[in-house]
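Novice: Same order as they appear, the protein sequences are chains A and B. Numbering (the numbering used here) for the first sequence: 5 to 347. Numbering (the numbering used here) for the second sequence: 5 to 347.
If you're looking for bench data, these hints aren't it; they were derived computationally from the structure. Mixed in with the good hints there might be a few duds.
Note: identical chains are not told apart, hence a pair may lie in one copy or across any two.
[Claimed, not checked] Simulated pairs of lysine-lysine, BS3-like, Cα-Cα distance not exceeding 30 Å:
hint	residue 1	residue 2
1	Lys264	Lys316
2	Lys7	Lys118
3	Lys316	Lys7
4	Lys316	Lys118
Listed here are the chains, written in short residue letters.
Protein chains: 2
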Amino acid sequence: MVKIEDVARAAGVSVATVSRVLNETGRVLPDTEARVREAVARLSYEPNLSARNLRKNESRIILILAPNFSNPYYSNVLAGICDVSRNLGYSTLIYNTYDSDALDESLVESLFQKNRADGMITLACNRDDRWLESYASRYPLVQCSEYVEGAQIPHISVDNRAAARDTVSHLVSLGHRRIGIVTSANRYLSSADRLRGYRDALEEAGIDPDDSLVAYASADYSFASGKQAARTLLEAADPPSAVFCVSDILALGVIAAAGKLGLQVPWDLSVAGFDDVDYTTMFHPYLTTVAVPCYELGRGSMLMLYDHIQQKPGAQSEVYLPHKIVLRESAAQKTDRTRSNTD
Amino acid sequence: MVKIEDVARAAGVSVATVSRVLNETGRVLPDTEARVREAVARLSYEPNLSARNLRKNESRIILILAPNFSNPYYSNVLAGICDVSRNLGYSTLIYNTYDSDALDESLVESLFQKNRADGMITLACNRDDRWLESYASRYPLVQCSEYVEGAQIPHISVDNRAAARDTVSHLVSLGHRRIGIVTSANRYLSSADRLRGYRDALEEAGIDPDDSLVAYASADYSFASGKQAARTLLEAADPPSAVFCVSDILALGVIAAAGKLGLQVPWDLSVAGFDDVDYTTMFHPYLTTVAVPCYELGRGSMLMLYDHIQQKPGAQSEVYLPHKIVLRESAAQKTDRTRSNTD
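Start from the sequences, fold in the hints, and give me the full structure.
Specialist: Dropping the structure here:
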């Protein structure tokens, strides 16, 4: 097998110079570079493979595809990824995908090539982005939080369905039976799974599902859209006494909308969120929510990616971190004062 | 002068193939690539220059150096940068610098080279990072929000000193004379300028400065450190009746600390923030603050960078966007109930 030393000898340059040309990591005079390229071609040296191996040692760049920076969920995940990658000696470059619909194979491929990344982590995708599977078969890729349903792509997340079920079951245990949900009109697996978990809990409690209690906020979980979705639930003839939201920011929107209607949380309405972002305890009522270990998800995704880059035998490909329901002030026992009296 | 067509003819390939080799933007067979490199060398075609020019058209990557993703200030700025860059056909890659102290010339240089970025935007730096000046003389660089004091580096920001002065003058106009400040223990120009503006306003009002009214929170403006800084002010023998904070998150910490001490904002204590991030109006009391046009700063920095990349004559290098004091609930007229009775 032809070695890099053979190329260096044939081109009359040092091994370091060959490496610089193949990895494009330093300035090489044009005619020196041409000599190296020619030697590579003449000797049938496997330049792609070697360039790739050397490159792996040299680039040490991880590309992160992240949507919607204004969501504190993602900032916490990013912090976890960046802390681990820094310790492992990697630079992280974050590309704003705006929303999951902006993801497509040519974008991912071109970002990857342009930045010669050693691997990639996606923080959001639609649950049916099956094209990511062919990509993942060629490059180290880990999906964090959101992943493609049923695909063979390494991912780390929480069990969204179980967490939603547990939260809604908690609302049931507080005496609520008319329970609404504010979910998101996106195609994320988490939104679908949280809705499934909500339905699981109702079924377990023997409560008939009622589509009029399912409200959809915007795809990006905005505060304003949470308020709007809440109004459709709360102004209905037969409003819920408790609302489960698929994100904290939506829950804050629901609390604000309730306030506008003269309803006090939790006395008139119980509200539960999802994520446990920082500001859920900056103001009263402190939010009852699902604590998602965002930072740990970020850390775990980078560690998992590292194992895949290193082709470590037995590298994990499917991890679910434990969630925790955090009981605070926004959800309380249903009493006579609670608005809904229909059940 | 040798043209790319000459190289293509000499190498027996298409112009597109030469371009692919020079820009490394696509797969080219090793021997084809070697032929192109050889032709480039033989004809003394200026590969660096052309590669650079073509690369400028091809790389279209802007590198953004951003600290602390969990601060919503930066997420809004990032959104503005990304929206404009997307419209201009650029990809933005964001590198997490953690804090401004992590910035150094070799990091910036290596990120720039590795990613072949067309330009760079920094969102934070220390006010004395003069080494950035030599960097800016070689590469398109724009500083957004924070910039190096007195340096010749294109920047866009707000007039932090004037904004702080206006805010504190507003507190004076409400009858407060014992006014504290919670600032940050970082080396950002904004922190220094906001402290200067606070002192300007006191001086204008004929109020003697009192160092015991200046409290320092952590360098990263955390909620917890805002609470802690507030306690030193509020538990003092002669506490302030109003506190100006150099960021909203610190102001939220002050409000929380006041609540723990049984003080109601604004009845017992007036609080003003800085930035006007989203969650200042998610809970009561709505925060009186300085509206910084974060998104517009992001937009403006990318437009400015674009002009510098294009070497547009008359490209702007110093822009200050207008700020606005937003009067809400957290700052009110000093009354007898207000805690401080010492003036």
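Novice: Against each hint, give a clear statement of whether it holds in the structure.
Specialist: Now for the hints, and whether the structure bears them out:
no. : hint            : verdict
1   : Lys264 - Lys316 : neither (55 Å within a copy, 51 Å between copies)
2   : Lys7 - Lys118   : both (27 Å within a copy, 25 Å between copies)
3   : Lys316 - Lys7   : within (25 Å within a copy, 48 Å between copies)
4   : Lys316 - Lys118 : both (26 Å within a copy, 26 Å between copies)
Checked against the numbered hints given earlier, the structure breaks only hint 1 and satisfies all the rest.
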